[in-house]
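Make a model of the complete structure from these sequences and hints.
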Amino acid sequence: MIIIGEKLSIIAKRVREAMMKKDKGPIQEIAISQWKAGAGMIDANIGPAEDGGEDLMQWMVTTIQEVVSLPICLDTTNAKALEAGLKVHNNQWGKPLINSTSNDPERFPILELGAKYNAQVIGLTVGKGGLPADAEERAAIAAEIMGRAMEYGVPLEDIYLDPLVLQIATSQDHAKHVIKAIKMFQELNDPPMKTVVGLSNISNGCPKALRPILNTYYFGLLMYEGLTAAIADAHEVTETSKTIDVIMGKTLYAHSYLEM
Amino acid sequence: MAFTAPKETYSGKVYNVTIGTGDKAASFGGENVLPFLPFEGTIPNKPLIAYEIQDVPPADWPENVQKPFSSFSGDPVTWAKFCQDTLKAKAIALRLIGTHPDRENRSPEDAAKTVRDVLSAINVPLIILGSNNAEKDAPVLVAAAEAAKDKNCILGKAQEANYKTIAAAAMANNHKLIAMSELDINLSKQLNILITQMGFDKERLITDPMCSALGYGLEYTYSVMERIRLAALTQNDLTMQPPMVADIGMYVWKIKETQAPESDMPLWGNAEERGIAWEAATAAALLMAGAELLIMRHPKAVEAVGKLIEEL
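Residue numbers (my numbering), protein chains in the order written: chain F, 1 to 260; chain S, 1001 to 1312.
Some hints could be false.
What the hints assert, rightly or not - Cβ pair distances, simulated, as ranges:
| hint | chain 1 | residue 1 | chain 2 | residue 2 | range |
| --- | --- | --- | --- | --- | --- |
| 1 | F | P212 | S | N1236 | 44 to 50 Å |
| 2 | S | P1038 | F | S256 | 44 to 50 Å |
| 3 | F | S33 | S | T1009 | 41 to 47 Å |
| 4 | S | N1174 | F | E187 | 51 to 57 Å |
| 5 | S | T1009 | F | S256 | 25 to 31 Å |
| 6 | S | E1008 | F | N118 | 54 to 60 Å |
To be verified - DSS-like mimics (lysine-lysine), calculated; alpha carbons at most 25 Å apart, straight line:
| hint | chain 1 | residue 1 | chain 2 | residue 2 |
| --- | --- | --- | --- | --- |
| 7 | S | K1046 | S | K1013 |
| 8 | F | K242 | S | K1046 |
| 9 | S | K1013 | F | K250 |
For the record, the hints were derived by calculation from the structure and aren't laboratory data. We treat Cβ as the ideally placed atom computed from N, Cα and C, and that holds for glycine.
See the structure below:
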């Protein structure tokens, strides 16, 4: 399980203020904290970043990689900002991950960036026409994204399919559809396709006390189906991740398994 | 069409452990494949066989395995020199069995003196073993570790009940350490974790999943060893990557099949040959299971297993 530490998002007030002021302190502190809690990659979400996105993404990538030896998940809809971030990304610690492309023609240029910078790309299984209705529709869109990736020269092992987790409070049925989609995505290729979710979206809009409960149980079910990676708070999910690995026989049990 | 052997690839690697000092230092472990499969990866070292000697005369050993050492029985120094010079031992394992409270109950100071005397007589690496009495081993192995300071020995065996003291002594005196658990892979992993959590370098550990003789539970040892090695190689489990020791002689030479004379068991054939074969067969099986370090007694069994190692 690759945990993509999610705490560096422009939506969080403290992070937004640090981004605006270019104050490295809080950014690096959060990145280190996610790393130590078990993150294998750090999400840098700068939002649409229409003004100054290129500078901001470069600053985020270098600021994080100054203190943490991990690859970065570059999270923005601004293609220019993505390219700027990819240029300064230190690939010594792993390939960067672009978040994201989809089946919307406007997002195809993202695949060009993936091919050009040897980056991995998240393929969000939505199209121009709105949200997918069920797992089958997600898988159909996934197949189209895979075709597009090959056309643009991004190898399928560099694609992470994202079934788009929706809020349980408003779209309860989709929770199940997403679990099924994780299973179906893997069957689209041999070796199986990689998968990723934005985990905490499941509990978006729920009372604060419920959020970690919903997130971790959901995470366990997704792991059971073979999820490869999750954008999540490492502090919240590492224990679940280690426990499911033990239950599924992927790591050898010992009384201190949580400490390893 | 030519046959192409299917190949596995492994994500993990066993730690390479070097013991002793100077040009007689010996290494084992270091491979990234299952035993005897060099075409799938690299095996930098061959398994190492250490000759077992002990601090008191081997009166408890069956006659057939006492015989090769009978000319000097009782003196660990000449015994060690004989193993090194005449039998060409690459390593020696000194078992301080005489410290056991039910045996001669020798003191930690006596044990330390024996260790010093043996070390001054040999230049091959030394493995220092207690009497497997968890309580007594703690003071004995602390004294022995100090007596052998900086000689890069292996100290053993640390168990759940005494690992703190023994691991601290090994750390303070620059030795490697055997961590022994009783035929349970999960407890073996747990003990390795606990020892490394003390600050002991996992690359200085040797795992002893507990040995057993052919016919007396060998399949349990085999299975635990095999699963440890698979966890190390296929799951890249860092806590399971120390090399493994098989303490064979002690287990083989106490069973009926290596002791009963031919007069009692005419169908079993010559007792001496039978004992040697039993020790060699047990050793060969555990090599297949993944053991990198063997502790053995009979020179002819060592010779046979040595030949197997060379040929495979």
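Structure-based check of each hint:
| no. | hint | verdict |
| --- | --- | --- |
| 1 | F/P212 to S/N1236: 44 to 50 Å | violated, 29 Å |
| 2 | S/P1038 to F/S256: 44 to 50 Å | violated, 34 Å |
| 3 | F/S33 to S/T1009: 41 to 47 Å | violated, 35 Å |
| 4 | S/N1174 to F/E187: 51 to 57 Å | holds, 54 Å |
| 5 | S/T1009 to F/S256: 25 to 31 Å | holds, 29 Å |
| 6 | S/E1008 to F/N118: 54 to 60 Å | violated, 28 Å |
| 7 | S/K1046 to S/K1013 | holds, 15 Å |
| 8 | F/K242 to S/K1046 | violated, 35 Å |
| 9 | S/K1013 to F/K250 | holds, 17 Å |
This entry does not satisfy hints 1, 2, 3, 6 and 8, going by the numbered hints stated previously.
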